[in-house]
Each structure stands twice: as C-alpha cells, then as structure tokens.
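*Asks:* Sequence:
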Amino acid sequence: MGLWECFSLAINSLRVNKLRSALTLLGIVIGVASVITMVSMGEGAQQLVSGEISSLGANLIWIQPDYANTEVQKGNYKQLSLQEVDLIASLAPDLSAYSPQIAYGQQARYQNQAQDITIGGVNEQYLTIRSLEMESGRFISELDNQLARKVVVIGKGIADQLLKDLDPIGATIKIGDQQFVVIGVLAKETSTNFTTDNTTGDNYAYIPITTAIRLTGYTSVPIVFGQTADARRMSAARTQLEQALVTVRGTDHRMRVDSQDDMIELFSTITSVFTAILAGIGSISLLVGGIGVMNIMLVSVTERTREIGIRKALGAQKGDIIKQFLIESIVLCLLGGVFGIIFGSLGSALIASFAPWSSVLSWFSVFLAVSFSTLIGLIFGVYPAYKAAQLDPINALRYE
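Residues 1 to 400 in this note's numbering are what the sequence shown spells out, letter by letter.
Simulated from the structure, these hints should not be mistaken for laboratory data. Take every hint as true, because none was put in to throw you off.
Estimated spans, in silico, between C-beta atoms of each pair: (1) Gly-217 to Gln-146: 17 to 27 Å; (2) Met-134 to Phe-367: 41 to 51 Å; (3) Leu-23 to Gln-73: 51 to 61 Å; (4) Thr-70 to Ser-353: 40 to 50 Å; (5) Gln-243 to Ser-220: 17 to 27 Å; (6) Gln-146 to Ile-223: 14 to 24 Å; (7) Leu-19 to Asp-258: 57 to 67 Å; (8) Leu-23 to Ser-362: 23 to 33 Å; (9) Leu-266 to Thr-239: 17 to 27 Å.
Just so it is clear, CB atoms sit at the ideal spot from N, CA and C, and this is done for glycine as well.
Whole structure, please, built from the sequences with the hints as guidance.
*Replies:* This is how it looks when you write it as structure tokens:
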C-alpha cells in the first residue's frame, strides 16, 4: 500500500469520526499552543533585554565594586578616586574614552515648578560613551570640569516639565539649594520598560563630575564607564583594565570589570533557562495529549477489527496495517500541531498586548512544534499500530 493511499485512508477515518477527532486534537492543540506561547514570550523578553543593554552605548565597558565579593557586601571596600581613575585609564591603551560617574537623586525647581530628577556627575566624554544625542545647546566640556562650573545638561523630560515652552538654553534652575545654568538639552530617548519616571534618560541631568564631588562631598566614584573604538578590542581592553586595577590597587582591589557582552550573555542565559522551563511545562500537556491520541487509536483498532480482518484476508501485510495506523496517528498530531501554532501565535500576541515586551515567533519555534507533534504521533501511534497488525484475520472477521 502506498503512502498516498494510507494518507487518504487516514483523512477519511478522521472525517468519519469528526467529534472524536476534534476532542483528540484538542490535547495536542493545547500542548503545542502552550509551547509556542512560552517560547515566543521568552524570545521576546530576551530581545528586549539585549536591546536595553545595547542602548546603553556602543562597545561599553565599566569598572564597579565586585558585589559578589563577601567583603564588598559587608561594605569593606574603597571606591576609586578621580586620580586612580585617570591612572587606570592611562594603563589601558585600547580604551578610547572613559568617564567616571556619580549619580544621586535631587529635586529641580524653576519658579513654581518642581520635579524629582537624577543627577549624574560625569566628564566631557560621557556623551560619546553612552551614545547620547543633543537636541539643543552643548554637553559638558573639559573646561567645565576643570573649573567645576555650575552648569547642567538636562533631559527632554525635565525641559518639558520645568521650562514648558521657554527656551531652556541659558535658563537658571535650582537643583537642591544650588543654582545651575542650563547649557544643553538631550534629545528625547525611547521609553524603557525597566525604569521609573525619574531614572529614565529624559529625567536625568548631567553636571561636571568635579562639581558633583564638591557639592556632595564624595571623594570617590562608584562606577567608571569606558569605551573601545573597535569592538574587537573589547577583550584586550578588559584585560588591560584588570591588570591596571592590580597595578594601582593590588590583587585585593575588590573591583570588577564588566562589559555589554557579559550582561547580554548573562541575561540571555537567564531568559533561555526560564523559557526552557516554561516550554517544558507546556510540553507536559503535549505528552498528555499524546496519551489521549494513543487511547483513541486503541479504540479505533477495536472498532475497526473487522475492517483489519478483511484487509488481511485480501492480502494486506502487517507492514501495511502498521503503516496505515501510524500515518493516521501522525496526521492527527500534525493537524493538532498546525492549529496549536495558530492559537499559540494568537495567544502570545494577546499576552504581549498586556506585557511590557512583544512576542517573537521564530521559524525555529514553528519547526520545533511541527517536529515534536510528528514525533508524538509516531511514538504514541506505534503500540496501537502494532496491536492492529497482530490481529488474527480469522478472529478479526468473526468480531462483532
């Protein structure tokens, strides 16, 4: 018996028992839809996190306390001074730019308007490192830092809320109890799903780091951002910075060097693990659906005992019977897989409309769903097909 004939018989059998076939399909549909939904949402989350990290800047690398160190967790560490930052940067030739940063919360006022903002004390290279864009005015200059000027570059959100329709350049705003002259406004940033209102780029204000140190009394910086001109030199720059830390601070410096690649790899691993766990949970329902397929196929074998007997009496071999029932099982599961992909896509799109990230349906997910459905049909169709092939034709013809 040819495959096409077996396929036609399988379709005909499913059409004869529409309700039973539909109920059997339901288990496979739910299983495949669950897997598709979980994987799509997981891949969407992974892309979002990777995009958020990439948006921090290009070829970004940074030095910060090693918070995995137990002594650091106890507070037994010393942050880097500006002099140490300059010395460490000078020992890393692959570092094209660097900027220490001090960040703290403060209230900004202009006349009767007030807004809670985040202040970032940085140097003139920070704009390039973080790939920020100016809407108007200029960024902090080297001279601003040398003279510790009270100048500020504000985010678009601050300009819109505090200064409204006024030209912000040259305006004097009060930050804390100090007067600052606005020298620039940053271009509006794309909103992020992981930050609160006062910590988005639009609600950041940047001042010279020397000014921040003088006003806050800080003598050190918690983080230093760096950048390489070539992404291929990231690894070399990291090694140079790690060696520079040892040179400047000794082996027990309790600092660490991280990069965008490290963060992307870490979060990709985390989201991949969670996606795999969720997909595994969804696969359980798919296995349950497979058991349902096997049960229905066993019922079908019993109901079609006389048909099997007649076919054997007419010369059908065991292989023909096995082939027929296996194809019927596979077709049933494949149809469930197709509908599962459709409903899974719709389900993930519905969830994405409420979630802070979009779903991503990849061809790999579709291929995986189709392959797994076929495998389920094959595995759970073997026993019913084998049982049908083993029927004695004489006894089968006597079956009522």
